[in-house]
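**Q** If you're matching them up, the sequences are chains A and B in order. Those letters in the first sequence? Residues 841 to 1119, per our numbering, in order. Those letters in the second sequence? Residues 11 to 371, per our numbering, in order.
There may be inaccurate statements among the hints.
[Stated by the list, open to error] Computed list of lysine to aspartate or glutamate pairs in DMTMM-like fashion (alpha-carbon distance at most 25 Å, straight line):
1. 194/B to 886/A
2. 1030/A to 1061/A
3. 253/B to 886/A
4. 129/B to 1053/A
If you're looking for bench data, these hints aren't it; they were derived computationally from the structure.
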Amino acid sequence: MIEAIRECLGQEMEADNRVVVIGEDVGVLGGVFRATDGLQARFGKDRVVDMPLAEGVIVGSGIGLAMSGLRPVIELQFLGFGHQAFHQIGQQVARLRYRSQGRHALPLVIRSPFGGGVRTPELHSDAFEAFYTHTPGLKVVAPATAYDAKGLLAAAMESDDPVLYLEPLKGYRLTKDEVPDERYTVPLGKLRIARAGADVTLIAWSAAVNVAERAAEELSEQGISVEVLDLRSLNPLDIDGISESVSKTGRVAILSSKSASTVWKHQSSASLLLILLIR
Amino acid sequence: MSESRFLPNFESIAPFSRLSDSGILDSGESPMSDEAVLEALRYMMLTRVFDDKATSMQRQGRFGTFSSVRGQEASVVGAATALDPVKDWIVPQYREFPALIRHGYPIENFALYFMGNPKGGTIPPNVNMLPMQISLAAQIPQATGLAWGLKMQGGDGVAITFFGDGASSEGDFHESLNLAGIVKAPVIFFLQNNGWAISTPRENQTAARSFAERAIGYGVEGVIVDGNDLLAVHEVTARAVAKARAGNGPTLIESVTYRTGAHNTADDPSRYVDQQELEKWQQKDPVERVKNYLRSRGIWNENLELELLDSCAAQIDAAMEIARNTPLATSEALFDHVYAEPPQRMLDQKHDWAIRNGGDR
Ligand SMILES: Cc1ncc(C[n+]2csc(CCOP(=O)(O)OP(=O)(O)O)c2C)c(N)n1
Ligand SMILES: [Mg+2]
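Bound-form chain B, shown alone (with noise of 0.2 Å):
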């Protein structure tokens, strides 16, 4: 007779890491060359100067309620870094500034978006990413067929499709590991774990020890990796992409990482955050530790470090220039782009409305 018994009892794991907090590299080979983490810090550094400039700009009225990637530049950057643009597809959330836009999605259209107009979601024809998704998870289910139909079409190319901890809650999210699982899509599962959705914590989404232990129960393979850690995040989801490709099928990453800054816009979090450990966290900086790893390397000083702020500023400035002059969406457009064909009741309400606005442009 078999014996009924509960399945093994997991230790919990610790991330995969590769750099230290200080920023040191263990003792095996990097997984970047130097050129690419000069590149990927350009894209983190990039992300923190438009941050504030969008944060800035949202308290003047100017833009609408808008999330920053505060903390979570080497996760969103380590993963994007490791994909190519030409044949790879990024389905995102809301929160990975720096991977569209590495992508190709124009800095201008982004703030557009945030400035309330349509043509913010315009993305450019060979620019491979899905538009930024609000319905929480709703963009995983998108990113598995994606996957699936550029491997039955027979091509190499892979999605990655990033989403929170609070989003794997959703029913899209474990739909989605179990179909990927079934067809080996060739889908990377990225999931952003910031300690928080909205106020609510990680240990109220899931009573599991980790998000990557849930990909077991889906015959997928999870991993966990330090998601301040741009190296390990890099070579991690490098990994999975090469592994996709080579028709191995998907991988659920978990990019343990922390949310320094406020939700959005219109969050409080000093009703929820525990001060000591946003400031344990904080001295966990990603951007700061790259620093420190490329002055070990003996490649980083004051000057690089300003030069590339300036370059930074001007690539958000030129961007904010454009984007501010930029006519204003008409409201017909909001008629447009609804439907290939569009029914005659749509287009009669659309010249209703440009009649009664009087010419409206």
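For reference, chain A alone in the conformation it holds in the complex (with noise of 0.2 Å):
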């Protein structure tokens, strides 16, 4: 997966002069992950920056990248560390385009890895995409596949909305899949069907998505039928695909790697409910 990730960056940033990565140890090291592995020798360190350690003003500055008519690729190491900028991406980012009345576009694409799974300290395993998922502004996407990785990355890149784009920590090298050298992009908003069943849909996104489908599989030698669904873009939401398949199965159960009080699950399946009731 990470390789799609470090191809669609060198792939977008060839085809679009405005586009500009800037995180900490984003150049000569690539990245930490090294997802940005080889584009500054590539393209110089006036489009790969290695900035200070501070994410208030990696972000925050990114918004004035933006506006000045670029259009950054903001990596934040880890997303257990993005409430260094949370004002900066929740406040700011989500919001320029309305408190100005439209005048302000944010072209960015905010990337980060997230989740558990590869023996982290603490604080690097966070999931903290719930929180991102409540401000209106921001669209959220979080690729379980490698061929997703790549399209929904170039999809985010292409947007005039800013997107926060999580990386499975887990998925970077262990997920592996077919992904074609051309350009191409997955459109945000669309779901995936991982797996087709009959008897319950099990709806998934990132590193999440796995473990869904080896549950599916284990439960169809009991006999049980399950439609692993992986959302791959928790805002916006693809309500059409969940009501798709939940009216075809009838149940519905959701799988994340978060706690299970988190805000995000309750939340997804109240308004699911409320959703299917009304129609």
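If you follow the hints, you should be able to join the two separate chains into one complex; please do so.
**A** See below:
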């Protein structure tokens, strides 16, 4: 998956010289997970910038870069340190279009790895995606496959809306699937049926999709047919896609790699119920 | 063996000034032509007229909470007149009315903003500014990135960002100065030290003798200027702008002034402002100082003053008329301009609101 992300960044930078990459250690090192490996050598120090270690100004200056006419891709080294920039993301990135009544578009992408499973220290494994789905103005995507990682990132970079693009730490090296060489996009807000089934819909995103697929496999041995939905995008949420599956199976479960009491899970199940009931 | 020692104990520096309290220019040449000073004075007077109008509108319940510029007119106008609206950007806090108006933001939009109409946020396409910022200091990183981006693309525009002494305690201020120093962003950090952050005095914001000297720690030049001296503020800002344009990086300007009004229309400064101190600063009124200067140049008189006041009042009245005649925002307007491509759920919600409000316009 990490190669797919890197390839996408390279292709988009090649195609559009307004794209700049900023973040901690993104230059010579190529990022702590190597997502930007080789980009500085190819595109120069002006387009791939090692920033001082301060997330607030990394995101905040990214906003300014976007307003100046560039299309920044910001790497937050770990989402657990996103809170150092939370005010810039939630109240600035997400709201400047509205605040300026459409004058200032913010075509920027914030990429960040999140979630656990690779023995990182505390704070490096936080799965804070829920916070960011509560801010209108921001889009949040979380690919589960390498194919989607490339296509969703290209779509995010093409979008005139700011996008938080979340990468599963666990999937960086473990997730391997076919990725075409050429450029392509995967539309924001359209889910993927990871496995077709008839008895129950199991909704997941990012690294949890793989867990859901394995669970479905086990359950199939007991004669239960599980349909696994990979949301791909947490906002916009593909309500039509979910509703189509649930009307077919009549049952729904949500799986995430978060604590059982997270708001996103509850909020999404509550709004799902509401939406399905009023249809 | 080298000796461990503390850095030198800097003497506090007197702010740079050009005009005496009574408006007499020092022996040097004026940094502004008489015409430019007259134009600047008009913006300062326009601000007083608008502040009075806005305060009375707020008392009548027609404006929301409003912060006036009272006492800081020379500080804001002196800085603004050093900019070229065609290529330079303003990244404001919320107390910079005349700077925004000079840059091309319509007065009626400013008024609509305080009337709670989202249309007030509309910035015309050719006006180089960001919306007013309520989240203190959040605009400072944005200005830094904007200036840096202009430079990256080979332009020679600069960005100026305004903020208060209080805002300068936020991390965003420090992170921004640090980054601007590293990338040599063409940005001017214009810190208005007006003595107060609501009721918190300047002494509670920093133990440093001046705000300007904090720049040293970031490898950035800092300067301190008498914020009630139009000519001095203009001169210092013009120098910082020229320096930034020439590729020589950022400047932190501390403009020492005083908020002679309340923090905003909801504030009661009698609970914390020392009356004697206030009177001392009222004696240094920035508008009177400019008038005295022009008098000393032989180009100011009662008639001119009345004429100017009339034309300011007419301009404000005309803008208020437009604001009053602007239709109220519909509740659906809440959903406009949130996204370039809004998610279906939001479009559904907008539709629901429209139906529930029975065709509310
Ligand atoms: C981040 C943040 N914290 C608190 C507030 C509430 N608040 C509004 S104005 C203000 C004081 C600001 O003081 P200063 O920066 O000196 O600007 P001034 O009002 O004096 O121009 C405070 C605390 C806010 N708007 N934003
Ligand atoms: Mg203040």
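**Q** Which of the numbered hints above does this structure break?
**A** 2 and 4
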